[in-house]
Amino acid sequence: MDNLIYLDHGSTTPTDQRVVEAMLPYFNKLYGNPSSIYSLARESKRAKEDAREEVAKLLNAKAEEIVFTSGGTEADNSAIKGIAFANKAKGNHIITSRIEHHAVLNTCKWLSGQGFTVSYIGVDKYGVLDLDELKGAITDKTILITIMHANNEVGVIEPLAEIARIAKDSGVCLHTDAVQTVGKIPVDVNVLGIDLLVLSGHKFYGPKGVGALYIRKGTKIASLLHGGYHEGNRRAGTENIPGIVGLGKVCKIAMEEREEDEKRVKALRDDLEERIAKKIDDIIVNGHPEMRLAGTLNICVKYIEGESMLLCLDHEGIAASSGSACTSASLEPSHVLTAMGIPAELAHGSLRFTLGRSNTKEDIDKVIEVLPPIVSKLRKMSPFGKG
Amino acid sequence: MDNLIYLDHGSTTPTDQRVVEAMLPYFNKLYGNPSSIYSLARESKRAKEDAREEVAKLLNAKAEEIVFTSGGTEADNSAIKGIAFANKAKGNHIITSRIEHHAVLNTCKWLSGQGFTVSYIGVDKYGVLDLDELKGAITDKTILITIMHANNEVGVIEPLAEIARIAKDSGVCLHTDAVQTVGKIPVDVNVLGIDLLVLSGHKFYGPKGVGALYIRKGTKIASLLHGGYHEGNRRAGTENIPGIVGLGKVCKIAMEEREEDEKRVKALRDDLEERIAKKIDDIIVNGHPEMRLAGTLNICVKYIEGESMLLCLDHEGIAASSGSACTSASLEPSHVLTAMGIPAELAHGSLRFTLGRSNTKEDIDKVIEVLPPIVSKLRKMSPFGKG
Amino acid sequence: MEYSEKVMEHFMNPRNVGEIKDADGVGEVGNPVCGDLMTMYIRVKDDVITDIKFKTFGCGAAIATSSMVTELVKDKTIKEALSITNKDVVDELDGLPPIKMHCSLLAEEGIKAAIEDYRKRKDKKDSRNQRFEIEN
Amino acid sequence: MEYSEKVMEHFMNPRNVGEIKDADGVGEVGNPVCGDLMTMYIRVKDDVITDIKFKTFGCGAAIATSSMVTELVKDKTIKEALSITNKDVVDELDGLPPIKMHCSLLAEEGIKAAIEDYRKRKDKKDSRNQRFEIEN
Ligand SMILES: Cc1ncc(COP(=O)(O)O)c(C=O)c1O
Ligand SMILES: Cc1ncc(COP(=O)(O)O)c(C=O)c1O
Chain A
777 MDNLIYLDHG
787 STTPTDQRVV
797 EAMLPYFNKL
807 YGNPSSIYSL
817 ARESKRAKED
827 AREEVAKLLN
837 AKAEEIVFTS
847 GGTEADNSAI
857 KGIAFANKAK
867 GNHIITSRIE
877 HHAVLNTCKW
887 LSGQGFTVSY
897 IGVDKYGVLD
907 LDELKGAITD
917 KTILITIMHA
927 NNEVGVIEPL
937 AEIARIAKDS
947 GVCLHTDAVQ
957 TVGKIPVDVN
967 VLGIDLLVLS
977 GHKFYGPKGV
987 GALYIRKGTK
997 IASLLHGGYH
1007 EGNRRAGTEN
1017 IPGIVGLGKV
1027 CKIAMEEREE
1037 DEKRVKALRD
1047 DLEERIAKKI
1057 DDIIVNGHPE
1067 MRLAGTLNIC
1077 VKYIEGESML
1087 LCLDHEGIAA
1097 SSGSACTSAS
1107 LEPSHVLTAM
1117 GIPAELAHGS
1127 LRFTLGRSNT
1137 KEDIDKVIEV
1147 LPPIVSKLRK
1157 MSPFGKG
Chain B
777 MDNLIYLDHG
787 STTPTDQRVV
797 EAMLPYFNKL
807 YGNPSSIYSL
817 ARESKRAKED
827 AREEVAKLLN
837 AKAEEIVFTS
847 GGTEADNSAI
857 KGIAFANKAK
867 GNHIITSRIE
877 HHAVLNTCKW
887 LSGQGFTVSY
897 IGVDKYGVLD
907 LDELKGAITD
917 KTILITIMHA
927 NNEVGVIEPL
937 AEIARIAKDS
947 GVCLHTDAVQ
957 TVGKIPVDVN
967 VLGIDLLVLS
977 GHKFYGPKGV
987 GALYIRKGTK
997 IASLLHGGYH
1007 EGNRRAGTEN
1017 IPGIVGLGKV
1027 CKIAMEEREE
1037 DEKRVKALRD
1047 DLEERIAKKI
1057 DDIIVNGHPE
1067 MRLAGTLNIC
1077 VKYIEGESML
1087 LCLDHEGIAA
1097 SSGSACTSAS
1107 LEPSHVLTAM
1117 GIPAELAHGS
1127 LRFTLGRSNT
1137 KEDIDKVIEV
1147 LPPIVSKLRK
1157 MSPFGKG
Chain C
14 MEYSEKVMEH
24 FMNPRNVGEI
34 KDADGVGEVG
44 NPVCGDLMTM
54 YIRVKDDVIT
64 DIKFKTFGCG
74 AAIATSSMVT
84 ELVKDKTIKE
94 ALSITNKDVV
104 DELDGLPPIK
114 MHCSLLAEEG
124 IKAAIEDYRK
134 RKDKKDSRNQ
144 RFEIEN
Chain D
14 MEYSEKVMEH
24 FMNPRNVGEI
34 KDADGVGEVG
44 NPVCGDLMTM
54 YIRVKDDVIT
64 DIKFKTFGCG
74 AAIATSSMVT
84 ELVKDKTIKE
94 ALSITNKDVV
104 DELDGLPPIK
114 MHCSLLAEEG
124 IKAAIEDYRK
134 RKDKKDSRNQ
144 RFEIEN
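Chains A, B, C and D supply the protein sequences, listed in that same order.
According to our numbering, the first sequence is numbered sequentially starting from 777.
According to our numbering, the second sequence is numbered sequentially starting from 777.
According to our numbering, the third sequence is numbered sequentially starting from 14.
According to our numbering, the fourth sequence is numbered sequentially starting from 14.
Bound-form chain A, shown alone (with noise of 0.2 angstroms):
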């Protein structure tokens, strides 16, 4: 994979060098389990909680307000289902939105048959939440609001700190997926005004299967593994204590060098942009112009489908993903792009380039080198006639 162009950094993204080798002593050397009371033991504990005290600061929390889990899909379905079963007595109504990661969507779907209803807000066609429909939406019965922060698949940055004071109005419980901007852009839970946030550390740059949820302190919530007295009782199981260092040392990083990442990245991705819509005709930049993740950029590709533009990338080494029903195990497009009121053909013909750290100059070089070739290949295939 050595002359791989990376460009799917918003599926995942490799783990930090430094992050691994922060790691290492937790597997055989500092291998204790933090809830015996021996010194070795006593080592992975302090490990935890140096690595807790980190991901607070990046979210400028305070440590016990963080509970660590094995990623982003664990903390969302906690959150949620957690505020769901605490607060039955109280109501039994979670908004949400169209847009959200399926970690969300599914969890609300699952709780629809639990005797909780949802209600789904639309986007606009950029993919910004609309207010006034959240507005609408409260009734006495609301419990939780979940909205996540950007959105994966087209970047788009949501109006958090407006959807928090909706949500303090109403006296309602607001979450946040924040999967896709802790790392990237400021995150500050007081600053957004959020009980609720979930973050993944494969995300940026840090371990897979390991993530945190942060709970305001105050927050009713029932927990969602049961079994042993672990995180303060609020997730049970032995702690991955290397994930949970490797996460602290991301967290650490990212405080030093996110900005300076965000403004590369937004640079490379800007020129990718520009030359892709200058050398292909027929294409929609998808999301918002100026509220989007830096390292974002999503198409739409009249005439051809995704996958297809996929594996000739793959073919030519770049690394890239597609919002089309053929790279999901569903057989829908993106309910992301059709949500934001893109026809389901164009969805499928969809393309996300996801830039990092990893990515030059001659990597877009590349993809402005080869794509336009791969894409009129393709439409030469097609039958809408516009080959």
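If you are wondering where the hints come from, they were derived from the structure by calculation, not from laboratory data.
Among chain D residues calculated to face chain B with C-beta under 8 angstroms, some are:
| no. | residue |
| --- | --- |
| 1 | M25 |
| 2 | C47 |
| 3 | K68 |
25 angstroms max Cα-Cα, derived DSS-like pairs, lysine-lysine:
| no. | chain 1 | residue 1 | chain 2 | residue 2 |
| --- | --- | --- | --- | --- |
| 4 | C | K89 | C | K138 |
| 5 | D | K19 | B | K1156 |
| 6 | A | K1028 | A | K838 |
| 7 | A | K1137 | B | K805 |
| 8 | B | K805 | A | K805 |
| 9 | C | K66 | A | K1078 |
These numbers come from a predicted model, not from an experiment.
All residues carry an ideal CB built from backbone N, CA and C; glycine is no exception.
Keeping the supplied structure of chain A fixed, place chains B, C and D with the ligands upon it in accordance with the hints.
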């Protein structure tokens, strides 16, 4: 921790260096998300499926019957809640034992607040399940029997094949928490005749934060984590590929080395047991004399308390554990020992040594050298007047 | 999801791409809303498919099966062509991922639709009703 | 859970372990079923605790707080001894893990029980009712 004598392998184990090395490439060389379609991602997928084969082989299961999880606790939660929620229409009664791990007990307890009823079957003085009580507890509403394979505190191995026969006769699904047996004694899902089984990597020299759930083909089960389509739609969340690769590797190692390990560890444990019994008065050996894990020695030392013994042992560089209330987060002494009929004051004075691969004859000598003076020092402080 | 080498080879170098200007039969199957659309053009002489071309909007599997099915039916009689199933196409491609199996249906349907169109036109041209000869 | 160095020092080298054969007051607190039991022996002269010994069945915190409380009350008047709280003991030990705070109560209660016993015996010995002098 260089001179550490680690006698707490039941709590966690160091990750085998061969396992760590197998994992390493998957952090930042082969870091693709297996859900993606390009070649980097296909490497991850392949590694994951190879690991699944290894896990399946160790259990004599089919690869497609294995679901990866974030550990034993998540897997136990998934198994028990998954069967419960999927079979609500059939019944609402669950049977377990009084000596299960909290991952099972607290999951059952939670379900009893969700419309299910739970029977807790007792054990004899050795910790062996009361089969007559089990038989008597089964009703036409019983949808699940969950009995651990071996107990983590005293090492007693339950008569699972007989339990399976009882379950089968009544057409009830049988789950077993085999976290303490996989990799240590033969675990064959077909010989045992069980429907679901849970294992955890870090208990047998694999990494922390990864486990697996075996689900016999055809078993109706609901999923615990909702989100993306992963693990055949049975467990959502981006896969912890390095952890999964590590689990596969450690299963492969266990296939090859388990038997030899078991023999060696048993000889050491028997030596420890014999010499402790000879050197220290007024102790009780807990658990079954024969049906016991090779590495486990659990004793009650009369007149003194467990945590204080552990602290003194730690001071001598020896890591062990106890069923004392003071070493748990609750204020109760071990529920396992009390279920076996051991009075609370004795249970507070329990000491568990769990031997493993790293242990040598010298480790045993050292325990025999330092434990008797520790016991007599603490007994001198004890108001029970046996000092 | 992993494609066989043969699928990838057909996807990267698809056979018989294009249109036949005055084809004897044209079949259009699939639906762009569902992510695939295939147009199949055939030329028939003495009941034999002497030429075939396709245009496909779709994923790798859709394109590879389109390509493969054109190879399979070329120079075959109508009857032979109609007996080719999606399973034959998949087998010739050394298999498809389970989730992609439905794409192979498109290829079978495309051929059938083109042949049906050919027969309809022939019906008209011959000015007589050949319905009784249709075997499928 | 992590103990301070001072806790560990007192646990490893507890002060005033033992019994006083004919003590002026003996207090027994705790319950072995709950995992701790403490017996506190005091000798009192002119309202001053001139000697003190303890025996404790319990965890590290129970033993360390037993040891520390004996140091704190030794050579103190009864009144001073009664004013010592579990918080004082914990502070002197540089803190205790939250889950262990209840152990420090035992130390305070042990002293109080021993003093109460001393007073009861004195009541009897003095053959007169001193109830009005008891300040606590
Ligand atoms: C927005 C968003 N939420 C949640 C998740 C799930 O996180 P994880 O992969 O750690 O389970 C992802 C990525 O997969 C994501 O992009
Ligand atoms: C018998 C038993 N079951 C379940 C667990 C939980 O497994 P994990 O630590 O992987 O969450 C453990 C160990 O902690 C155990 O010993």
